[in-house]
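Dock chain one against chain two, each of which comes alone in its own frame, and use the hints as you go.
First to last, the protein sequences are chains A and B.
Letter 44 of the first sequence, counting from 1, is numbered 44 in our numbering, and no numbers are missing.
Offset between the second sequence (1-based) and our numbering: plus 1000.
For the record, the hints were derived by calculation from the structure and aren't laboratory data.
Here the structure is a predicted model, which is why all the values come from computation and not from measurement.
No residue lacks a Cβ here, since even glycine has one placed at the ideal position from N, Cα and C.
Some hints here could point you the wrong way.
[As the list claims (entries may be wrong)] Each pair of labels, with its calculated beta carbon distance range: (1) A1070/B to S68/A: 17 to 23 Å; (2) D1040/B to Q45/A: 22 to 28 Å; (3) D141/A to N1004/B: 18 to 24 Å; (4) D141/A to E1041/B: 22 to 28 Å.
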Amino acid sequence: MSGIINSPGSKSGIIGTTELDYEEGNWTPSNSGFDVTGSFTSGGQYKRFGKMILITAWVRGSTNIATSGGASTIGGSLPFMIGGGGSASGANRLAHYVAQSGAETKIGYAWRNNIYTTYAGTGNFAVSTDGIFFTMQYAID
Amino acid sequence: MKLNKIEVVTEHKHFQIREITDEGGYHRRMLQCSDTLADDEHQEVKDKAEELWTDEVKSAWTTFQAEHEAKMGGV
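Okay, chain B solo, but in the shape it has when bound (with noise of 0.2 Å):
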């Protein structure tokens, strides 16, 4: 797929990614920064992970989504 937007959206980061199919059409996902890329990920998907989920943005997440969690049931 190609790689045709890529959104950062609220204060932890997340990557709003909207790629185009081998048939044209389009396929969206999400990245969060606790999320480990994988090698065949778009370069400018990791550069700009590199670039912005810095260790701060990792750990304000990772306990914004802890808290979040217990708080609503889960593990």
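The shape of chain A in the complex, shown without the other chains (with noise of 0.2 Å):
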């Protein structure tokens, strides 16, 4: 049973004797930077393994979606405080995101609990009639 979490057993091969704290469940994108054509709809899932969070997420308009200049708040609103890494001010509170919109696949970042577009060329996301989907794994304090 080594490896199955809450299981008898499960324990076995990890150290210390402290269990993974294990959650899931939803979170919402908030309509922040987005160039919404109809109305906006989103929804997203996390998954939290210990100090782990791994996310998905998506955003649709219901004619299109896209972000335009200038747009720099995402998204925002994530389930979990991104972790300071050890700094002192927080000022690391770091993750990148890897998203797609139609062809296009961007990556991206986000600091504390927002995701940001322009950072490093990151640029804006073209028009979509499908949505932007991202997904982000990132660490908690």
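See below:
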């Protein structure tokens, strides 16, 4: 049974005696910074394994969705604050996401509790009728 | 959704909120002190915001966020 969380013997092979916290649920990206034609809808899921978080999310406009120049913060309200990586001020609370919009794949960054578009040439998402899809994994404190 | 947990994280008093959906699963979201709370927000969240989101906290967060976004090429 080793390696199976919450089963007899699940601590086998794990250093120390701490059980990994496991949690899963939903989160809902907010409409901040998106250019939406029609009505905005969004959804997402998260899984927490100890201090690691894995999220997936999607955002859509009923007609289409994109981002334009000047939009910096998008999809706020991550389910967990990104970890500080030992930074006293927490300024290092950074993580990266991969996003897909139509045929485009982009790598962007998130800081603290928000996802951003503009950094190191991430650029904007072109108009998509299917939506924009995100995945990201990050550590928490 | 039913409020299940409020965790206050970072020096800028972000709220990490866990709720239980009508289907029994978890839903999470975060609120920052620059947010405007919805009229139908949980009363416990409103009370905690009233208590912790002081003008000093809001000002510090606005400055900190603006500095970060300028540094990273945002607006």
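(message) If you test the structure against every hint from before, which numbers come out violated?
(response) none
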